[in-house]
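Protein chains: 4
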Amino acid sequence: MTVRQMLEAHPRPAIADLDALVRCIEACGDCAASCTGCADADLGEDDVREMVRCIRLCLDCADVCGATGRIVARQTEPDLGVIRSALETCVVACRASHAECRRHAEHHEHCRVCAEACNRCEQACQDLLAALG
Amino acid sequence: MTVRQMLEAHPRPAIADLDALVRCIEACGDCAASCTGCADADLGEDDVREMVRCIRLCLDCADVCGATGRIVARQTEPDLGVIRSALETCVVACRASHAECRRHAEHHEHCRVCAEACNRCEQACQDLLAALG
Amino acid sequence: MTVRQMLEAHPRPAIADLDALVRCIEACGDCAASCTGCADADLGEDDVREMVRCIRLCLDCADVCGATGRIVARQTEPDLGVIRSALETCVVACRASHAECRRHAEHHEHCRVCAEACNRCEQACQDLLAALG
Amino acid sequence: MTVRQMLEAHPRPAIADLDALVRCIEACGDCAASCTGCADADLGEDDVREMVRCIRLCLDCADVCGATGRIVARQTEPDLGVIRSALETCVVACRASHAECRRHAEHHEHCRVCAEACNRCEQACQDLLAALG
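Chains as they are written, first to last, in our numbering: chain C, 1 to 133; chain P, 1 to 133; chain Y, 1 to 133; chain V, 1 to 133.
Calculated from the structure, these hints are not laboratory results.
Don't be surprised by glycine CBs; every beta carbon is placed ideally from N, CA and C.
Wrong hints could be hidden among the right ones.
Some residues of chain C that are not near chain V, with every Cβ distance over 12 Å (derived) [to be verified]: (1) Arg12; (2) Ala14; (3) Ala39; (4) Gly81; (5) Ala99.
Restraint-style ranges between C-beta atoms, simulated for each label pair [what the hints assert, rightly or not]: (6) P:Asp17 to C:Arg102: 54 to 64 Å; (7) Y:Pro13 to V:Gln123: 46 to 56 Å; (8) C:Ala14 to Y:Ala105: 29 to 39 Å.
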């Protein structure tokens, strides 16, 4: 709710449809938190050796979602080339994390939850890319 | 909701009471996003020269909340000294941002919203510090 | 020097030629620091109103370089699609920041220095992309 | 060298002695990169199960050094309370990472290199705290 309020109070025009923008900023924040938590949960598992790829991809995805969420939150003097490229990288990182988390979803509930967060974030980035035209 | 699900699925014991932990992680994420948005909204205002201190403190606060939210989200092999110190810095950064945003709350709605997010985050960090004992 | 030592001590094979990798990680760190400093110096200038676009693009570039530098520093279980996309976004963000900083290079020395850091980082990312094949 | 050039070109007075400031910003960047690399190298080791605490503390330390380096790089409208608290947290995080990395320094060269980077960063933060008065 804070994200929408902040955007509605912004002095400059939004870079895209407000609903798509809010969903994307919130999904990036949610996915960054999930991936940080999933990497840490993997690290605490007895089968940590099987989870090495998942940890690595979740760390990458958390970094990308964190940066993308900040960039997309900015409405002042936007450079659409930078924004589009950041969103495209976020799609790629979420897809990679999602694919790996899904492989472990049956035996690690945190991977199942994280896979869904990655999937929602990928979709929200795709939708914002479409809304940017 | 994802934050709680991730913590409930974590293989290791939580570092503190789950409610206090969830509130703190979510408040850090919310405050980081608000401060990033507020600094950017300030930058887009006609009176940007009056907003320089607000921009600076919001950038600091976004950085601190981002780091603190990640640290507090980790439950594996915690170092309570690091966690406590991070939470204390987050309290200080939120308080500074809150004080400056409040000064502009009457003429900039985004500062009013951001001041509230900073206040909630300061409180959530204080509560988690208390819960850590 | 630390970056090279860390990579030489890594148990897994490097994702690419070590020289290209070291240069890219160092250039990302340098550019992130320059852009953080340039946005802050702009904010302290009397003509801050003319520097709004420069501040915004430098904040974006600092975020992208920070994330890219972390991703490229990781050698364990790499996903080359994620790495390539991150490097491509870094090229786009550095180019945008470089172009804007250059416009102010004559009257603001920090913009001149920052433009050079952006340019070196763009080049180091391009070189690493080429080395990745 | 870029860090010093950026600070010398800054329109506002530096928050502290320039040498102490430059050393601290550079040490934070170096330590953040080392800790990111060390966590990743640990993850690639055959004895990853013994390295879980090292990974976790290095991830925390990288987050804290990243945020602290950005905050200390800013000279415009500083809040010394925020800056001091950030530096104190950085000292605590570096000390924790250093202690754990040292335990593994004999069998993992990357831990030996990382322990030194943590130590230099702790010292540089202490020195800047002293220079701030």
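Here is how each hint holds up against the structure:
No Cβ of chain V approaches the Cβ of Arg12 of chain C within 12 Å, the least distance being about 22 Å, so the stated non-interface status holds. The Cβ of Ala14 of chain C sits about 27 Å from the closest Cβ of chain V, beyond the 12 Å cut-off, so the non-interface label holds. Under the 12 Å C-beta cut-off, the non-interface status given to Ala39 of chain C relative to chain V is violated; the minimum distance is some 8 Å. Remark: the non-interface label on Gly81 of chain C is consistent with the geometry, its nearest Cβ contact in chain V lying 24 Å away (cut-off 12 Å).
With a cut of 12 Å on Cβ distances, Ala99 of chain C stays outside the contact zone with chain V, its closest approach being about 19 Å. Take Asp17 of chain P and Arg102 of chain C: their Cβ atoms lie about 32 Å apart, and the range 54 to 64 Å is violated. As the Cβ distance of Pro13 of chain Y to Gln123 of chain V is approximately 34 Å, the hint placing it in 46 to 56 Å is violated. Take Ala14 of chain C and Ala105 of chain Y: their Cβ atoms lie about 31 Å apart, and the range 29 to 39 Å holds.
Hint check: violations occur at hints 3, 6 and 7; the rest are consistent with the structure.
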